[in-house]
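Chain by chain, the residues:
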Amino acid sequence: MEITHKSFARVDLLSIHGRLDAASAPQLKQKLDELFDQGRYQIVLDLADLNYVASPGLRVLIEARKRARDRKITNLEGGDLRLANMPDRIREVFDLTGFTSLFEVYDDTLSAVGSF
Amino acid sequence: MRMETITLPATLDSLALISEFVINSTSQAGLDERTAWQVQLAVDEAATNIIQHSYDSTGNGTIELTWWRDGDFYVISLRDFGRPFDPSEVPAPDVTSPLEDRQAGGLGLFLMSRLMDDVSFSFSEQEGNLLVMRKRIGSTATDVRIFTLSGRLDAIGTEAAIQDVDKAIDEGARTILLDLQGVTFLSSSGLRALLLTRKKVLALNGSLSLCELRPEVLEVFEITGFTQVFTIHPTREDALAALQRGNP
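Chains A and B, in that order, are what the protein sequence lines are. Take the position in the first sequence, starting the count at 1, then add 28; the result is the number in my numbering. Take the position in the second sequence, starting the count at 1, then add 25; the result is the number in my numbering.
Derived by calculation from the structure, the hints in this document are not laboratory data. It is possible that part of the hints are untrue.
Unchecked claim - One-sided excerpt, in silico: chain A residues whose CB lies under 8 Å from chain B: (1) Val39; (2) Ala50; (3) Ala51; (4) Ala82; (5) Ser83; (6) Pro84; (7) Arg87; (8) Arg93; (9) Lys94; (10) Arg117; (11) Gly126; (12) Leu130; (13) Glu132; (14) Val133.
Small disclaimer: the values here were computed from a predicted structure and weren't measured. Don't be surprised by glycine CBs; every beta carbon is placed ideally from N, CA and C.
Bound-form chain A, shown alone:
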């Protein structure tokens, strides 16, 4: 798995490439923790090139979203972890595990980044 990172004024966009399994999940967790430690709590994950996800990857996503949402940035705005470009196979895993309703999923990165 590889992660590429683009930083915008308020939002960070991480693109995940390859397999998100037990072997690579800690790498994503570390990247997200780094952002949180820098006070960056508005994050979009671009899943266009994610071709595989297993439950350890789902675990990282859910814990990161909980952590981001706990953070209040202003009275009106909070942190969040939002998803974009979800491939069908990934959506199938989300559907099976009841994860679909737990995340905001956008059709493209532009609308996901713009949603903050």
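Since the structure of chain A is already known, use the hints to place chain B on it.
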């Protein structure tokens, strides 16, 4: 009977090799792409559990994978000599709770049972932990059950029409195609009945798609936004072609 076995160290680095083994073997067994992917995920979850729980992520020990074909089934076994595993000690995850309460544990076992047709665990001092999982070959590609519904799909009409479908699902049908060519009217309770049946077969890892909708019936799906929920094909041929490719 032809069998193939590999033995790998019980480390996370082995997961990529395990996936490769599954991809090659499912291809030899003739599984379609979607079914092969389901097996791949189930085996990955099983191997991860062995590495992290049976061996406590120590990196010591091995996993032995063996696959063979048994009639219409692709069978794969995973053996380890770590801590004895009892699946009944793992609580089933609640996959409906809201984000704040959601626990992400137990998902591996849950996915394995959802993705495979049969999952069984055994343990003995000599044999270690043995997990055997079976997957029907071509279950998504060949066993399409087509039902032709007709008339008015209101509360009463739908219940009668859908009875046979529900019965078939109870008897093991997993890939359902509803031909709605003869349906002249669809009410909200009809729609709800279709949704319930769809939910039921999805929960069993199957699929339900629709085809041949009249414009006035299609309009009901469009107005209610359910074109996003149901897979709708214009013709029966389109639907069957998509199902044979492994897409619902």
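Would you settle whether the hint for Ser83/A is holds or violated, based on the nearest Cβ-Cβ distance to chain B being less than 8 Å? holds (4 Å)
With chain B as the partner, please determine if Pro84/A meets the hint condition of a C-beta pair closer than 8 Å. holds (6 Å)
With chain B as the partner, please determine if Arg87/A meets the hint condition of a C-beta pair closer than 8 Å. With Cβ-Cβ at 4 Å, under 8 Å, it holds.
Interface hint for Ala51/A, Cβ within 8 Å of any Cβ on chain B: holds (4 Å)
If you take the shortest Cβ to Cβ gap from Ala50/A to chain B, is it below 8 Å? holds (4 Å)
Does Leu130/A hold up as a contact with chain B if the rule is Cβ-Cβ below 8 Å? Leu130/A check passes; min Cβ-Cβ to chain B is 5 Å, inside 8 Å.
Supplied contact hint for Val133/A, tested at 8 Å Cβ to chain B: Violated. Min distance 12 Å.
Holds or violated: the hint that Val39/A contacts chain B, with Cβ atoms closer than 8 Å. violated (20 Å)
Status of the hint placing Glu132/A at chain B (closest C-beta pair under 8 Å): Violated: closest Cβ of chain B sits about 11 Å from Glu132/A, beyond 8 Å.
Would you check whether Arg117/A satisfies its interface hint, that is, whether its CB is within less than 8 Å of any CB in chain B? holds (6 Å)
Do the numbers back the hint for Ala82/A, that is, is its least Cβ distance to chain B under 8 Å? holds (5 Å)
Interface hint check: Gly126/A, Cβ to nearest Cβ on chain B, cutoff 8 Å. Holds or violated? Result: holds, 3 Å to nearest chain B Cβ.
The structure shown violates the earlier hints numbered 1, 13, 14.
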